[in-house]
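Read off the chains here:
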Amino acid sequence: MKAPPLEFHKPDTVEAAIAVLADSGGSARILAGGQSLVPMLNLRVAYAKTLVDIGAIRELAAIEDAGGYIRLGAGVSHARIEDGEADGHCSGMLRHVARNIAYRAVRNRGTVGGSLAHADPAADWPVAMIALGADVEVSGSNGNRKLSVEEFMVDVFTTALQEDEILTGICVPKASPDLLWSFQKMRKKSGAFGEAIAAVVHDPESGFCRVVAGSSAIGGPHRLAVLETALQEGAVDDGAIQDALTQTIGSLGRYEMQIHTVCLRRAIEEVRT
Amino acid sequence: MTTLSLTVNGRQVSTDIDPRLNLADFLRERLSLKGTHLGCEHGACGACTVLMDGMPIRSCITMAASCDGVEITTVEGYDGDKLMARLRKAFREEHALQCGYCTPGMLATAYDIVSRLDRPDENEIRAELAGCVCRCTGYRGIVRAIERCIAEKSA
Amino acid sequence: MAMNETGIGASILRREDARFLEGKGRFIGDIEIPGMLDVAFLRSPLAHACISFIDTPDDVADRVFTAADLSDVKLVQPASKVPGHRIVAAPPMASDRARYVGEIVAACVAPTRAEAEDLVERLAPDFEMLPVVASMDDALSENAPRLFDEWDSNVSMETGFDSGIEEIVASAPVKVTRVLDMARQAMVPLEGKGVVAFWNERDDQLVVYSSTQSPHQIRTALCEALGLQQRQIRVIAPDVGGGFGYKAILHPEEIIVAALALKTGRPLRWLEDRFEHLTAGANAREHRYEMTAYADDRGRVLAIDAKLTTDGGAYSVWPHTNGFDAIQASGILTGPYDIGGYRVRTQTVVTNKPPLSPYRAVARPGACFAIECTMDAVARAVGRDPAEVRLDNLVKPEAMPYKAITGKEYDSGDYPACLRRAMEMVAEGPKTPAPGRLLGTGYAIYTEHTAVSTSTISHIGIPMMPGFEQAAALMQPDGSLELRVGVQSHGQGMETTMAQIANQVLGIEPDRVVLRHGDTGLSPFSTGTYASRAIVMTGGAVAAACDKIAVKLREIAAHLMQCQPSAVRLENGLLKGPSATMTIAEAAETWHFRPYELPEDVLRDGLEVTGGYRPDGDKGPFAYAAHAATVSVDPELGTVELLDYVAVDDCGTRVNPMIVDGQVLGGVVQGIGTGLFEESPFDDQGQPLATTFADYLLPTAAETPMIRLDHSETQSPYTRFGVKGVGEGGAIAPPAAVVNAINDALRPLGAELCAVPATPQRVLRAIFVAEDRAKADMETSQ
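Chains as they are written, first to last, in the working numbering: chain A, 1 to 273; chain B, 1001 to 1155; chain C, 2001 to 2782.
Don't read these hints as lab results, they were simulated from the structure.
Computed from a prediction, not measured in an experiment: that's the story for all the values here.
Ideal Cβ placement from N, Cα and C applies to all residues, glycine included.
One should not assume that every hint holds.
[Stated by the list, open to error] Here chain A is said to cover these stretches of chain C; the calculated rule only asks that three of the stretch's residues, wherever they fall, bring their Cβ under 8 angstroms from a Cβ of chain A:
1) 2302 to 2316
2) 2590 to 2601
[Said to hold, decoys possible] Here are the simulated distance ranges between beta carbons:
3) B:Asn-1123 / C:Pro-2748: 25 to 35 angstroms
4) B:Asn-1123 / C:Trp-2151: 52 to 62 angstroms
5) C:Phe-2768 / A:Thr-248: 47 to 57 angstroms
6) C:Val-2769 / B:Lys-1082: 55 to 65 angstroms
7) C:Glu-2424 / A:Gly-234: 43 to 53 angstroms
8) A:Gly-143 / C:Glu-2022: 23 to 33 angstroms
9) A:Asp-155 / C:Glu-2424: 53 to 63 angstroms
10) C:Arg-2747 / A:Glu-269: 42 to 52 angstroms
11) A:Thr-248 / C:Asp-2683: 52 to 62 angstroms
12) A:Lys-146 / C:Phe-2768: 27 to 37 angstroms
[Stated by the list, open to error] Only some residues are given here: those of chain A computed to face chain B with a beta carbon under 7 angstroms:
13) Pro-5
14) Val-38
15) Pro-39
16) Gly-55
17) Phe-157
18) Val-226
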């Protein structure tokens, strides 16, 4: 179980990283923390002629207060968020999500940007960031662009990144101190990926409300807009949740329907009380 | 080939490596530091855990070439370290090891738990250990050894 | 037996710990031989396929080897005395047909493992897919494809026993039937399997380092495969990172690496990786029990009628065959109970999966799961407490030694007292579930034949005869002692416990004793470490060897003290005569260095001896234990939290209680894995679905509570020091205890789970079934 042959680049600027990507003609992959990519390389289920390690690009490790939002450099580790470096903006939701990703040794290397760019349907950050209404900043040969995480997550293991683009930062809107949130993750055991994830964020002050579910079974993070409206209007029962899941995702097996429904209902209840 | 320059157990190492090499294989095969064990090679069992700049990481899913300029501490690198000496003593007295294969990764993880967290209780210790598999001991001795070192710390 | 501070009964700290804590253990992957090359294997990606062609690029032809290159390697055939048992030995490499995913098709050799894997990727094999037998049901279905063309079915072995139960069947007031499934598993020692082999010209020997529990057994098999004399192969097991039975069988890789080391003249190494282990090594525990219990209306079980089907996988492993699980399970299925009627039929089928192999406690976890869940079902049927029903059914202490209906002799113990202690302990445990969760407590109790005896094995006929165990004791000139044993210690702490036994016999300080183990070049023959046998068998042999040393030391001392040997006592490492005292070291030193002080005929046969041991009457002692679990079940998500676990065991005299605790605790957590997490599922094309630890889930510290233990010590009447084996037992009861606890919790919902692991899916499915039934009942009644 050893990685296939590859070339290695470790640029120290975003521009240099983009140049390597552009030169490679699609055969290069960005290496952030590597906590998903390197296992896949070891197993030889992923191949990369060239790895572009972005660990030396200092600006990607920055956490900044940018006025209306907090900007997390794409290279910020889960552990730093767990330890509270980005705290105080989302009533502890970022910290909670970070703390429940895999294990500390993985969180020390794994990054928030890497998680989003990998687009694993069972990953936590895509669900959480969509629920928080976050945007991502992307740089490429043709300049910079900003898009919502929702737009960024195109499909299972697929993002809106072009071959020569790199995710540089995540902008999480600042919320009122009264922000209500719940992040429910059902796991088969500690540290495992979620069998079902549900995130609900509600800012009564601004009226911002998001309901998001994620997992491999449902093929990634999905916003359940119907429930967002329903939640603000009153109680939401299991039937409504099941209808919303079916409308958004299609038919689900009884087990999958049950666990997603329960996680969503618990998240909604927690926010409502 | 890629050039790599880092500090391992206090010793400066500069060498050319095959860029596909992971850190665990670099330590084991190139530096003959065999105390870092491979149990899964996909970051899930914890046997290969070492400290990078004082933080536990999985050496099997860390590319060696990513480690330029860092400081690595393996189980062979704790000479004179008082906390590690206490952990080793506690592991022995609490029967926290049997076959010994998970032990280096467990010690690195335990070192992080005791030094990073203030006074974690049993449940927190167990949660922190969740990334490390021991197939022999049933974990009781490991948890107790860590509890003991935490108690000594705050005594 | 006198207790002393470092002898039998003392929890002295382990001698072996120091090297592991410093990272100085020496495992198979740590061995460096100059010029060594790495081996990687091309393995079949299909479960059943014809191999018509392997395209080997010309430039690497001398580094790629297929079955054709091993044509002079002889197939090592397991044997069986079971009538009609059809056995097909696993070929080291598939030649024309592969029968499971992961079966080896070619070997590639390169300076590093990564480069060897690069070579594997360059091979272009041509597989033609054949119809797949992916499950027991597939195997037994009409018109099932055949694994072996010359067979008339996929049934490899059938056995049966019938004590005559027709009368009970006709008259018993209570009849309870359950189908109970235990999933296929991988054993997952944390260190994978591994082999290093090279030819040593000077010694005229093939040296094979292998991560094995049974070095002499592997030597026997390799000699047969390679046509070498036993003196020409030395098998060395270095530090071994867990075995659990996985390393007690002959692996095809051992043969291939050894054969290719001879062929190429180069030192070769193969280290199993986790992907290989979870696919080609998914080889344990897949059983289905169709149980019917006949009982009176108080739940006193009168007869058990059972059918057991095991998924034997594609081939028979050496030496156990694929039938070992069925034989072991059917031999203990009535458990620790006094049951007067027993009928069982077993069927072992072949499927396109890795060959079934004996995993810690071989089949007993399945048998215990079957009888113990059935006991709970009986209790429910008669409306009584399951623990009380058990107490009524257990063999009573006054009935010991008890001849079970299976013919096994339970030698000693008080089973009801053991269960009552577990009941007491679990009653003191946590009893408050979180809101919305259901709480349940479950029990399981077993008795286990440890140190399985020659007569038992010879009855089955497999080529692994325990016979007499041997140990060599070499008294050194300075009075220190070297013990050499053929078993291998891989976590059991034998470097410590064998020194304690030497201390018990000779009074020698454990620090002055060293144990050499796991090396055919150093030790007397042994079949190895398995079947919870080492403390009984090797412990007995070490004691026998030390007895001989004691006689010799007393003889030396008697000469020096001018008295009769019978007047010399050996106490606390001192030789005490009527008028003088000397140390062991003084006696040993005199014989070695100052023989002129002794008459010329003293100890002509020296101070290095071999002792042999077999329990009285060739009887393996029965250890036993009662376990209890308390769980909290989330009935909406199907998740199970283990809140409390207690185990009360009796393994006779405990040589080192700390180590006994460790063996039990480790076994319990493995059993919790079987009960709640671990599963190697295959799809209908025989593709393994749990190929990494993301899908093959192991219990960690976070999934286990602080397990609480207690012990009793009923000495076996048949063994030296009254010991019984303890290495495997912890793993037997947890699947049953956990599922009984879950079913206790689910009782308000009318749901019952009959399969392990109890994953959220299985728990919810059980709840759905109950919900649907309740709904249907309601509709019917309306």
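Hints versus structure:
no., hint, result
1, 2302 to 2316, "violated (count 0)"
2, 2590 to 2601, "violated (count 0)"
3, B:Asn-1123 / C:Pro-2748: 25 to 35 angstroms, "holds (27 angstroms)"
4, B:Asn-1123 / C:Trp-2151: 52 to 62 angstroms, "holds (54 angstroms)"
5, C:Phe-2768 / A:Thr-248: 47 to 57 angstroms, "violated (23 angstroms)"
6, C:Val-2769 / B:Lys-1082: 55 to 65 angstroms, "holds (58 angstroms)"
7, C:Glu-2424 / A:Gly-234: 43 to 53 angstroms, "holds (51 angstroms)"
8, A:Gly-143 / C:Glu-2022: 23 to 33 angstroms, "violated (55 angstroms)"
9, A:Asp-155 / C:Glu-2424: 53 to 63 angstroms, "holds (57 angstroms)"
10, C:Arg-2747 / A:Glu-269: 42 to 52 angstroms, "violated (27 angstroms)"
11, A:Thr-248 / C:Asp-2683: 52 to 62 angstroms, "violated (28 angstroms)"
12, A:Lys-146 / C:Phe-2768: 27 to 37 angstroms, "violated (46 angstroms)"
13, Pro-5, "holds (6 angstroms)"
14, Val-38, "holds (4 angstroms)"
15, Pro-39, "holds (4 angstroms)"
16, Gly-55, "holds (6 angstroms)"
17, Phe-157, "violated (17 angstroms)"
18, Val-226, "violated (36 angstroms)"
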